[in-house]
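Novice: Given chain B, work out where chain C should sit, using these hints.
Spelled out, the chains give:
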Amino acid sequence: MQCTNNSSEKKVTVIQPNPSWSFVNLTELWSYRELVSVMIIRDLKVRYKQTVMGVAWAVLQPLTMILIFTLIFGKLAKIPSDGYPYPVFVFSGLLAWNFFSSAIGTSGVSLIGASNLVSKVYFPRIIVPISSIGVSLVDFVISAALLLIMMMLYGIPITANILWLPFFMAGLFILSIGFGSWLAAITVTYRDFRYVISYLLQIWMYLTPVLYPVSFVPEKWQWLLYLNPLYAWINGIRASFLNQPIDLLGTFISLSFSIMIFAAGMFYFEKTQRRFADII
Amino acid sequence: MKPIISVKGIAKQYTLGSQLKAANSFREMILGVIASPFKNFRQLSGKDSSQQTFWALSNISFEVQPGEVVGVIGRNGAGKSTLLKILSRITTPTEGQIEYQGQMASLLEVGTGFHPELTGRENIYLNGAILGMGRQQITERLDDIVEFAEISKFLDTPVKRFSSGMYVRLAFSVAAHLNPDILIVDEVLAVGDQAFQQKCLGKLKDTGGDGRTVFFVSHNMTAVKSLCNRIIYLKDGKIEYDGSPDEAISRYLSVGKSGAAQWSDDTNKHDHLKKVSLSSNMNSDMSTEASTNLFQYSESIEVLIEFENTKRRAYRPAVRITDVFGNVLFTSWDKDSLAESDRKEVKKEVLVCSIPANLLKPAGYTLTAFAHVPDDNGNVKVEEVNFDITVSAEHCPIDLGRLGLIFPILEWQRHADAHKSNDKR
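Those sequence lines, one after another, are chains B and C. First residue of the first sequence? That's 27 in the working numbering, and the numbers climb one at a time after it. First residue of the second sequence? That's 2 in the working numbering, and the numbers climb one at a time after it.
Please note that a few of the clues may not be correct.
Below, a list of computed lysine-lysine pairs in the DSS-like style, where the Cα atoms sit at most 25 Å apart [what the hints assert, rightly or not]:
| id | chain 1 | residue 1 | chain 2 | residue 2 |
| --- | --- | --- | --- | --- |
| 1 | C | Lys9 | B | Lys297 |
| 2 | C | Lys161 | B | Lys71 |
| 3 | B | Lys71 | C | Lys154 |
| 4 | B | Lys75 | C | Lys161 |
| 5 | C | Lys40 | B | Lys297 |
| 6 | B | Lys246 | B | Lys104 |
| 7 | C | Lys206 | B | Lys36 |
| 8 | C | Lys226 | C | Lys200 |
| 9 | C | Lys226 | C | Lys206 |
| 10 | B | Lys36 | C | Lys9 |
| 11 | C | Lys349 | C | Lys270 |
| 12 | C | Lys3 | B | Lys37 |
| 13 | C | Lys3 | B | Lys36 |
| 14 | C | Lys154 | B | Lys75 |
| 15 | C | Lys9 | B | Lys37 |
| 16 | C | Lys336 | C | Lys382 |
Just so you know, these hints were derived from the structure itself, not from any lab.
The following block holds chain B by itself, in its conformation from the complex:
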């Protein structure tokens, strides 16, 4: 399917069965940007309807996780934390990880969850996974505010390193969209991935320096971390909050990986989306 703007005022649309490779239509996506925000707002509104605690859950969830990880990894396992109080250390990594894991987890099943919409009305399908990642982004912002409050309570200064945060977040966002869209598309055909996602995320968390610092990995094995496209983003987001040195080589490698995954995800999504309504 393709859209072309005619010289006259009316847009001409051509519907064809062409299975050729093409990239997600970004112009069209832009014209539907309002739908993205509407769907994010819908998910946020629905989430806390008919709950007593309401939005407080958005704060309680990360707090309980910090508490549990601090008790188990900080106090019992005595995992080092680069000289920072363990709760602050773990949260600065956990908030980025939580974003990624909820982005992937929800976007992966987003299309099959929206099957009614997909089979009944036309809109760029990519909006479905993108808006569920957008919801995770809102959670990230809440968590980030919480972390800043925690840092103030612990007396940890916020430095100019924080200016790196948007860059690292953008990298993580691109990786999430690429990987999440690919998962969403492939789950439409192979529902197995619904189960694969949760296994994958569990293992991935321990392969990424979220609960432990990079220095915890023996030096001769540290290069292995570079193979993880998530590595530099998680590590970089922690570094921007906690004023740690930025690993430029690692960032470059993760960025390359992420762009490749993003492009592959978009191509795969565009190629398969024609079949969605028939098989969903």
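Specialist: Then chain C, alone, in the frame of chain B:
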């Protein structure tokens, strides 16, 4: 004039899901568990050449001028919905090409994208955005939408607490206020009460009157006829007729379904209901093979039912007529009082139920011949047989556009002394 839509040689092929074979032995079951991932993968990825396919649509070509209101009619499975899905870009055609100009909006199901937890107002914005309206556009039309849907009091109530009528009204109202260049509507009028259906039709008519193009699929010939100035009649995935509404509707109604008008219980599925055949009073010689499922409005329908009662149970025979929307028009039991039927002594019997002439509106129906059979524990089992029948418009003096589910011809008398009788009271 340049057509607003031009469709060239559209075809759509679907893959039929192949049935999974059940394992016959433990060994087969184990082998199946190991082999099935490979088989499933081939099947899901669409690379399994052994799968059966069928063409839902083939060689569909037509052009639509701006301002035309085009109806699409046809039996279930004729390809109407597939055509609309391709036009509204939900699914892609296997062959062919479509070109259209301007903004297109489709309403294939009422309330698509409504979220039950959100309020009426929130859903208007959500639904509008899904259908392609901007926030500003919706805000401008909010009052019209709410007024048309008649839900102003409940605007801030979650729609899960709406009655189904309110829900449908709101959903239709949002879509109706879209004002796209091309509007595609699929059988949405099957829901909602008659008054609102009329209102929706009126709204669609206005839309057509504004020079917008409307595509309208319906089984409701009344609605199609009153709304459309052109009808495409689809049959088995091909265009059977494309042109004037009257001609299309009469062709559609006069084609009897190729279903049987006779049935007999060859496999001994039923204990009581053994044989049913349909015929009209014109050829009611029951010994011949003159059974039919195509009836004229002016002839009665004779339903001949044969029962056996080897187990000596007090079964209750009946006949029911259901329209294509699933509305039961009526059910007729052989005895209308619920007093215990004295059938326990009957061994075998033949019953004829006669559905009167000049009653059923010309359209397609399902005729069900059935019996309620109580078993020894008092549970009621239903034995039934369904027939698709068609009542044609031949010899029907009533305009098909007249409102009503049935077309009875009633007796009217003029009371010459009406004034006098009023005075007396």
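Novice: Hint by hint, say whether it matches the structure.
Specialist: Comparing the hints with the structure gives:
{"no.": "1", "hint": "Lys9/C to Lys297/B", "result": "holds, 23 Å"}
{"no.": "2", "hint": "Lys161/C to Lys71/B", "result": "holds, 15 Å"}
{"no.": "3", "hint": "Lys71/B to Lys154/C", "result": "holds, 22 Å"}
{"no.": "4", "hint": "Lys75/B to Lys161/C", "result": "holds, 12 Å"}
{"no.": "5", "hint": "Lys40/C to Lys297/B", "result": "holds, 23 Å"}
{"no.": "6", "hint": "Lys246/B to Lys104/B", "result": "holds, 22 Å"}
{"no.": "7", "hint": "Lys206/C to Lys36/B", "result": "holds, 23 Å"}
{"no.": "8", "hint": "Lys226/C to Lys200/C", "result": "holds, 16 Å"}
{"no.": "9", "hint": "Lys226/C to Lys206/C", "result": "holds, 11 Å"}
{"no.": "10", "hint": "Lys36/B to Lys9/C", "result": "holds, 20 Å"}
{"no.": "11", "hint": "Lys349/C to Lys270/C", "result": "holds, 17 Å"}
{"no.": "12", "hint": "Lys3/C to Lys37/B", "result": "holds, 14 Å"}
{"no.": "13", "hint": "Lys3/C to Lys36/B", "result": "holds, 12 Å"}
{"no.": "14", "hint": "Lys154/C to Lys75/B", "result": "holds, 21 Å"}
{"no.": "15", "hint": "Lys9/C to Lys37/B", "result": "holds, 19 Å"}
{"no.": "16", "hint": "Lys336/C to Lys382/C", "result": "holds, 18 Å"}
Violated hints: none; the structure is consistent with every hint.
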